[in-house]
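Quick mapping for you: the protein sequence lines, in order, are chains A and B.
In case it helps, full-length UniProt numbering puts the first sequence at residues 1 to 256.
In case it helps, full-length UniProt numbering puts the second sequence at residues 1 to 371.
Hint data in this document are derived by calculation from the structure and do not stem from the laboratory.
Keep in mind that a hint or two might mislead.
The calculated lysine to aspartate or glutamate pairs, modelled on EDC-like cross-linking and capped at a C-alpha distance of 20 Å, are [stated by the list, open to error]:
| id | chain 1 | residue 1 | chain 2 | residue 2 |
| --- | --- | --- | --- | --- |
| 1 | B | Lys122 | A | Glu109 |
| 2 | B | Lys247 | A | Glu112 |
| 3 | B | Lys55 | A | Asp124 |
| 4 | B | Lys122 | A | Asp210 |
| 5 | B | Lys247 | A | Glu113 |
| 6 | B | Lys168 | A | Glu112 |
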Amino acid sequence: MGAITALGIVLLVLMIIVGGKQGITSFLSLVVNFGILFFTIVLIAFHLPPIIVTIVASVILLSITIFWSSASDNASTTAFQASVIVLILIVVIIIPIEYWAQVGGFGLEDSEELEGLSTYVGIDFTKIAIATAILSSLGAVAEAAIAIASGLDEIITQHQAIKSEQLFLDGTVIGKQIIGTAVNTLFFGFFGSSLALFIWFYGLNYSFGDILNDKVFAAELIAIVVSLIGVVTTIPVTTWLMSFKLKRLHKAQLKH
Amino acid sequence: MCNMNSKLTSKMTWLQIVLVVAFCFLAAFFCQHNDGLYQQTIYRVDRVQNGKAIKMTDEFQNVDHYHNQQLFGTITNGKYAGQKLSIKNAYSDSHAMDHQYTKGQKLFITLHTQPKLHATVKDIKRDAPIAFLFAIAISLLFVILKLRGVTVISSILINTILFWIAVKLDHNNNGAAVIWIFSVLAVIFCFVTLLLVMGWSKKMLVTLSAVLCATAATILITLIVFGLTNERGIYYESMQYVTQLPKPLFIAEVLIGVLGAVMDEATDIVASLATLKQERPELSRMAIFKSGRQIGKSIMGPLINVLFFIFMAETLAMTLLYLKNGNTWHYSFSMNMSLGMTSSLISGIGIVLTVILSSAFAGLWIKGDER
Chain A
1 MGAITALGIV LLVLMIIVGG KQGITSFLSL VVNFGILFFT IVLIAFHLPP
51 IIVTIVASVI LLSITIFWSS ASDNASTTAF QASVIVLILI VVIIIPIEYW
101 AQVGGFGLED SEELEGLSTY VGIDFTKIAI ATAILSSLGA VAEAAIAIAS
151 GLDEIITQHQ AIKSEQLFLD GTVIGKQIIG TAVNTLFFGF FGSSLALFIW
201 FYGLNYSFGD ILNDKVFAAE LIAIVVSLIG VVTTIPVTTW LMSFKLKRLH
251 KAQLKH
Chain B
1 MCNMNSKLTS KMTWLQIVLV VAFCFLAAFF CQHNDGLYQQ TIYRVDRVQN
51 GKAIKMTDEF QNVDHYHNQQ LFGTITNGKY AGQKLSIKNA YSDSHAMDHQ
101 YTKGQKLFIT LHTQPKLHAT VKDIKRDAPI AFLFAIAISL LFVILKLRGV
151 TVISSILINT ILFWIAVKLD HNNNGAAVIW IFSVLAVIFC FVTLLLVMGW
201 SKKMLVTLSA VLCATAATIL ITLIVFGLTN ERGIYYESMQ YVTQLPKPLF
251 IAEVLIGVLG AVMDEATDIV ASLATLKQER PELSRMAIFK SGRQIGKSIM
301 GPLINVLFFI FMAETLAMTL LYLKNGNTWH YSFSMNMSLG MTSSLISGIG
351 IVLTVILSSA FAGLWIKGDE R
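When you get a sec, could you build the whole thing from the sequences and use the hints?
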């Protein structure tokens, strides 16, 4: 048995112990997400337009992550709608930034790995960098949207008569609590995944300016800061959607 | 009154928007004109003359186009500031290792003085877009989180400094003690971050011990699984940017990577359980543990996905290149995505263990106002 399979089995068993049926669903969402991610890469390799493929895949990935979580119907629908709005916002920000910074493709640090590979493959790697940044933000945005939507949904269920303005304030309070720790998830993920790169920089005496302008580092930094922007904007978007729905609900009740 | 209030807030928001936009452009503008701060020679492109495209096909029938361009520009800093210079550049449609330069861009160049002054382009200057993006993120944090934004930013800053010190220590040890250095760093990271998020309290200590135990248990389980399977299917040679022994470095990477998610989750669970115990002090230890599991069960799935996407997305470009170079799906996966997959699974294990441990510790040590 390979180590990946063994780790997968350990994870599945632990998830079943903790979550029962929900544990199996969560594990399956991870497996399916991987399948979709790999399929996205294959489609791009077949020369389908990378950014469009990524956006379509992102919507599917978001829906799987959100609807297969254990959030209530109202919460997950709102979370999904909010995260799609945030996704659009991320796409709008990331495209000009990536073309401005030109971080697509590979840096000098990759030279050794690229040995023997042809890099003239006819696919624009700037677009691939855009796809990478969008995909790496998905999990964080989905998580934040679910957390806020569930919290607000809980409040609505407990007091039906709550005013939508009050709900908006509550959403901001919940959002503030979530964001402090969500930012840590992102930044530690970033520190962890670029540890080797940092050691490389230190070992080869890169200056601060060298690091900041380095292609590989800039690409990772941009991806993580864009995710951060995504998570932060998820708070007002989700809260606004939830209170908008509540307002509509109240209006509908008044008519009857 | 209510109307007036909303008018006031909308005015505030407009003012905020104007300030944010001004701040972002100011940051970018500063970086566009900070050439004097760099030791490296910087060159501004004033005019570009594009040549004809040449079609080329590689051995895998990938079609690409090669373009030549002549850049005309000015050196903007250092000894040769103001000197006009013309540089040749070539780029392909795929931009994998090359760039297409346009008017107005700033580039780092290497100057050669023999036989006469000429230059080659090293890289493009990227600080302005990064500063712009940072400015957006920082202003959003302040606008939406207000004062809390200060805590978030200072926690990132402190952790970055600590991280850099650990990298320094690791380098001075030639990577011999990488796991130990980053384990100690992990403990300090947790302490500082949780102190900033929760303040000094019993809740914080419970969270801290849950996080540390869960992380340690995860690493232990990983090492056991690696030992039992002889690390089959783990291709350390595919690790990127490795300058020291890959296996301990990989463990250290995962250790640091999972920490944020584990803290995020433990904070959530412990805080909710403490509130629960305060409201209903009669709840038994077992009942507290069970509610903790209930909370954890719903957050663990989305949380694992956060790290999954961070670890997997960055393998996209290299996997694609492997596929386009005539490699099989299996080989492309093994060489590029298998390590990301392994880190995601290990993080998943850490996240699930945190649910169990933080619920158990909260049940054992958090007391309501009972008796």
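Take a quick look at whether Lys55(B) and Asp124(A) sit within 20 Å of each other, Cα to Cα.
holds, 15 Å
Given hint Glu109(A) paired with Lys122(B) - CA-CA distance at most 20 Å:
Between Lys122(B) and Glu109(A) the Cα gap is close to 13 Å, so the pair holds against 20 Å.
Hinted pair, alpha-carbon criterion (20 Å max): Lys247(B), Glu112(A). Please report holds or violated.
holds, 19 Å
Would you check the hint for Lys247(B) and Glu113(A), treating anything up to 20 Å between C-alpha atoms as holding?
The given pair, whose Cα atoms are some 18 Å apart, holds under the 20 Å limit.
Given the proposed pairing of Lys122(B) with Asp210(A), does the C-alpha separation stay at or below 20 Å?
Judged against 20 Å, a Cα distance of about 11 Å means the pair holds.
Given the hint that Lys168(B) pairs with Glu112(A), does the C-alpha gap stay at or below 20 Å?
violated, 24 Å
In summary, the structure is inconsistent with hint 6 from the numbered list given earlier, while agreeing with all the others.
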